[in-house]
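The chain contents come next:
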Amino acid sequence: MLEIKSLTKSYGDVLALDHFSLELKKGEVLGLLGPNGAGKTTLISILAGSLRDFTGGVSFLGKDLFSDRSLKNRMGIVPQDMAFYEELNAADNLLFWGGLYDVPRADLKKRAAEILEMVELSGRSKEPVKNFSGGMKRRLNTAIGLLHKPDLLLLDEPTVGIDVQAKVSILDLIRKVGAAGTGVIFTTHQLAEVEDTCSRIAIMDRGRILAQGTLVELIRLVGEKDIVEITGEFAAAAFSEALVDLDGDGVELLSASDNQAALAVSDTDRIPKILDRLFRRKLAVTDLKIKTPNLEAVFLKLTGRSLRD
Amino acid sequence: MRRLWLILKTDARRHLKSPLTIIIYIIIPVAMTGLIGVIFAPSSGDGTLPPIRVVLVDRDKGLASRLFLGAFDAEQVKKMFQVTTAGEAEGRAMMEKGKASAMVVIPERFSLDLLEIKPVFLEVVKNPAERFLPDITEEFVQTTAVMLSAAVQAFEPEARGVRAMLDAPVDAFPWEALAPELGKAQKKIASAAKYLDPLLLNVKEEKTKAAGAKVNLTRTDIFSTILPGMAIMFLLFIVQTVMRDMISEREDGKLRRMLTTPLRPSELIGARILGGWAMGLSILLVMAAFGTMVYNAHWGPFGYFLTLVVVVSFWSAAFFALMNALVRNRNQAGVLSAPIILGFSLFGGSLMNPEAMPKAFRAVGIVTPNRWFVDGAAAVRDGRFPAVPLLILAVSGLILLLLAVPALRRRSTV
Ligand SMILES: Nc1ncnc2c1ncn2[C@@H]1O[C@H](COP(=O)(O)OP(=O)(O)OP(=O)(O)O)[C@@H](O)[C@H]1O
Ligand SMILES: [Mg+2]
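Protein sequences, first through last, are from chains A and B.
Quick note on our numbering: the first sequence kicks off at 1 and runs consecutively.
Quick note on our numbering: the second sequence kicks off at 1 and runs consecutively.
Looking at chain A on its own, in the form it has when it is part of the complex (with noise of 0.2 Å):
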């Protein structure tokens, strides 16, 4: 259904997307994880029309996306900031916004109570929306891009800033989604929002996809390893260099930055004599952690980074 090939946009030096490619089928829901400044927001703003000056294509229905206007009816954004009216109550918003697709009018009131019960805000369809909450909010702002009905819906960090049940709520509200048919992208920086919201999870950064697949199939990226988080007192080099004759030896450093490292392991008996590598060199450790195969540590592998810093 959505295909895009090769996007690429720089802002100046920056490179925000780099031959980004990526498919999309009917009602699957992709995750899209990455970390602050990986080029998602620039990815949803090409999609939505709102970015310019960039080079590669997309076809979404078999057309060319930039080329039809009228595609825009079949697709839903979500966008990072609250766009709409405070100072008009939720159903109008919902006209509003709703109205600027080409929508019949005699659908639209009915969509609107429809996507207000939906969201959970029919009983306060007619306040303000100044007065709502930060997770009513967010869930107004998602059902603006849900009126419509679009076969494509781009949610831009729905869950950022909410309570864990606004963010239960929205979460549910894309699985629905997805479950009735539509295509969904959402990024976010949350791990455990990908892991049981999404069909499939594709992990990015520097404007790249660095792997994709269900969650059994990144798991298996980092194979049958333990990850070992280890912290102290130490300088990156010198943990690195302290470490270079295991590499290879069942021992794969993922990340080293000054009093922070984390290894993969392919059998924890390794982890003496990492320590004994440690110790001999008069690096200090504090801590150290064993943790199974999960989606951080592919993450971990993959960008050589956490997701949340």
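Worth flagging that the hints you see were computed from the coordinates, not collected in a lab.
Quick caveat: nothing in here was measured; it's all calculated off a predicted structure.
All C-beta atoms, glycine included, are put in the ideal place defined by N, C-alpha and C.
It is possible that part of the hints are untrue.
For lysine-lysine, the following PhoX-like pairs were computed, each having C-alpha atoms within a straight-line distance of at most 20 Å [as the list claims (entries may be wrong)]:
#: 1; chain 1: B; residue 1: K9; chain 2: A; residue 2: K109
#: 2; chain 1: A; residue 1: K25; chain 2: A; residue 2: K126
#: 3; chain 1: A; residue 1: K25; chain 2: A; residue 2: K63
#: 4; chain 1: B; residue 1: K9; chain 2: A; residue 2: K126
#: 5; chain 1: B; residue 1: K97; chain 2: B; residue 2: K126
#: 6; chain 1: A; residue 1: K63; chain 2: A; residue 2: K5
#: 7; chain 1: A; residue 1: K110; chain 2: A; residue 2: K126
#: 8; chain 1: A; residue 1: K167; chain 2: A; residue 2: K137
#: 9; chain 1: A; residue 1: K149; chain 2: A; residue 2: K130
#: 10; chain 1: B; residue 1: K17; chain 2: A; residue 2: K130
#: 11; chain 1: A; residue 1: K25; chain 2: A; residue 2: K5
#: 12; chain 1: A; residue 1: K167; chain 2: A; residue 2: K126
#: 13; chain 1: B; residue 1: K17; chain 2: A; residue 2: K126
#: 14; chain 1: A; residue 1: K130; chain 2: B; residue 2: K254
#: 15; chain 1: A; residue 1: K137; chain 2: B; residue 2: K254
#: 16; chain 1: B; residue 1: K254; chain 2: B; residue 2: K9
Here are some chain A residues the structure puts well away from chain B; computed CB gaps all over 12 Å [what the hints assert, rightly or not]:
#: 17; residue: R111
#: 18; residue: G248
#: 19; residue: T292
What follows is a set of in silico ranges between Cβ atoms, one per label pair, in the way DEER data are often shown [what the hints assert, rightly or not]:
#: 20; chain 1: A; residue 1: R105; chain 2: B; residue 2: R59; range: 51 to 61 Å
#: 21; chain 1: A; residue 1: V164; chain 2: B; residue 2: M293; range: 57 to 67 Å
#: 22; chain 1: A; residue 1: E3; chain 2: B; residue 2: V367; range: 50 to 60 Å
#: 23; chain 1: B; residue 1: A12; chain 2: A; residue 2: K130; range: 10 to 20 Å
#: 24; chain 1: A; residue 1: V14; chain 2: B; residue 2: L306; range: 46 to 56 Å
#: 25; chain 1: B; residue 1: L391; chain 2: A; residue 2: G62; range: 47 to 57 Å
#: 26; chain 1: B; residue 1: V367; chain 2: A; residue 2: L61; range: 52 to 62 Å
#: 27; chain 1: A; residue 1: A180; chain 2: B; residue 2: S18; range: 31 to 41 Å
#: 28; chain 1: B; residue 1: L402; chain 2: A; residue 2: D53; range: 19 to 29 Å
#: 29; chain 1: A; residue 1: V164; chain 2: B; residue 2: S282; range: 41 to 51 Å
#: 30; chain 1: B; residue 1: G303; chain 2: A; residue 2: G62; range: 51 to 61 Å
#: 31; chain 1: A; residue 1: K126; chain 2: B; residue 2: E90; range: 47 to 57 Å
#: 32; chain 1: A; residue 1: E87; chain 2: B; residue 2: L402; range: 30 to 40 Å
Position chain B with the ligands relative to chain A; hints supplied.
Structure of chain B with the ligands alone, referenced to chain A:
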């Protein structure tokens, strides 16, 4: 087209939800006209009234109450009012003894409330033994209060800044520590006040000369002459207040969201300009209606007047569309628009009679919409078709529009 109407309809609905700003902007020009008219219209009969004795009770002793007291201190006003400040009990005693016609009480928190944009009440105690003079006092107090609150509204961002500092005692007010923005606001006020003063003097001088030539202005004439100048000045403020939305929506992501829908940039731009135009047009008509109701002002043939009003509001919408396309953000627009509008008004004859202005001012005035609107309104009042003002406003408005549209287009994509 459907989307353009949808935007216009939604905007109208939004403005109707918080109509206060607009109402204030309609009331001020009418009230200011009243103030000037009341002071300078030849009074019926042989002329001057005795000064009215007023007792002022200042419970606030804040910034705004000082400004208010200052209003009574103006040279021309002094001729009408003889002001004594006193405590409340003392004031009542004076009134009972017939030593004062009215007492004005400035309540506590007057300054604070005003700066927080809350409604403020000034109390006017009238002496029941007198009939006429206390009413004039009340009228004056009301007008001044409206102007003061209008000023605070117009300078709302700065007012909030001042409010924050007001917890310091007024005498130790840290003027020099104020943000540069605030300094600018102060200058805005100071310059407006300065230019209002010569206006008063000029109208007065003209009157004495006129009397010598045996041309007697009536009250109505004075109102009809002053109101168009005031109206166009506040029209500019209102149009900009409405059109400033296009900057905020650029900043808060609404524009970007709109462009993800099938809405075309040209439809959006069209809606914004039409919206400002329609707002300006309706406001001017309301003001004119007020002028007729309150002061019995006459405007000349309605068709001519309407044409002039349509064209001048178009000009204003095009002008601010261009300005808002060029400025970087809302703050910049705020800082720029007040001086521009006051400048237009000063040179264009909104604040003083064009004939009484220095030559250089008049020369500069020809690039202002105020000048052509005031001229046009004068022509219409005399029953003439204002061909030249209309032509100039229409052509320059179109040029502004032609510049604004591509500039806004460029602004609507990143
Ligand atoms: N308008 C802009 N001008 C210059 N550089 C920009 C602009 N917008 C984004 N960038 C840069 O492009 C890169 C990608 O930014 P983008 O906003 O797409 O990241 P993101 O994945 O959405 O990050 P976040 O998780 O913080 O939202 C970053 O390096 C960013 O600094
Ligand atoms: Mg982002």
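Practice problem: Starting from the hint list further up, note which numbers the structure goes against and sort them upward. | Solution: 2, 9, 12
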